[in-house]
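Student: Let the sequences and hints guide you as you build the complete structure.
Residue numbers (my numbering): 1 to 251.
It should be emphasised that the hints constitute simulated quantities derived from the structure, not laboratory data.
Glycine is no exception: its CB is placed at the ideal position from the N, C-alpha and C atoms.
Just so you know, not all the hints are guaranteed correct.
[Said to hold, decoys possible] With beta-carbon atoms standing in for the labels, derived distance ranges:
#, residue 1, residue 2, range
1, 107, 185, 21 to 29 angstroms
2, 164, 144, 25 to 33 angstroms
3, 154, 185, 33 to 41 angstroms
4, 159, 13, 22 to 30 angstroms
5, 101, 222, 25 to 33 angstroms
6, 72, 220, 34 to 42 angstroms
7, 107, 9, 26 to 34 angstroms
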Amino acid sequence: MVEGEAGSVVIPAGVEGYHGVAFGGYVAGLLAVRAAGADEAAAGVGVDFRGIVKPGVPVPLRADGASAALTDDDGAVLVAAAPRPVQVEAPAAPGIEEARSASGRYLVERRGVIADYTECFGCGPDLPPERGIRVFPARVPGRELIAAAWTPHPSMGGEDGALPPELVWSALDCPAGWAVRVLGAADDMSVTAALDAAVLAPVRAGVEHVVYSWSIDGAGRKHRGGSAIATADGEVCVVSESLWIDPRQPV
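Tutor: Here is the structure:
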């Protein structure tokens, strides 16, 4: 947690999902670590998206030890984070072989949808492993789950091998989006409006994990999904809940 921090941050160029928009999971993780200590992070941090954050340019930052926000140059809040308990429980994780099989189907099943977003920071296949998260989720047969096998690139870890929050949260974003679209009724161009996550254990670089997600409910333009990261043995490291909204106009 960073207390009394003010200044600006730059989301690296290329860390985006939709073109010209900073990747939501990355932004959320960047703010979460500034809004909560380790104990609070284990209970949950909530991040609300109110406007577009552009990558590659300085964005004003405010953090007071209990909350954090990115703003525009006039001080209007674009993204806000504060401790907020996660209300969902993760179902049992799929087996690692199920997750590997699902990842193998991703490019075939979703090729038409991702054709314009193959460099998405979260699930784009065209970014090299050291530059993108590269979570490739697809439906698990016989279960209302989306899953992927995921090994974070070794360069993504810190000295202890653990991924920083912005990369952990990045791995939660796209899987939930696919869940509300494939298992729910969300539009293919729906966007993240809120992302809450509880970090229970470190996510290690160079180690295979299972990332999985599910649809919770939906009404009108709003859809809720859950996602989690587990070890290959099924121990849940992170659980999250997100709100997705269908756009009134194309993104």
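Student: Confirm or reject each hint.
Tutor: The hints, checked one at a time:
no.: 1; hint: 107 x 185: 21 to 29 angstroms; verdict: holds (24 angstroms)
no.: 2; hint: 164 x 144: 25 to 33 angstroms; verdict: holds (31 angstroms)
no.: 3; hint: 154 x 185: 33 to 41 angstroms; verdict: holds (39 angstroms)
no.: 4; hint: 159 x 13: 22 to 30 angstroms; verdict: holds (26 angstroms)
no.: 5; hint: 101 x 222: 25 to 33 angstroms; verdict: holds (31 angstroms)
no.: 6; hint: 72 x 220: 34 to 42 angstroms; verdict: violated (28 angstroms)
no.: 7; hint: 107 x 9: 26 to 34 angstroms; verdict: holds (33 angstroms)
Going down the numbered hints, you'll see the structure goes against just number 6.
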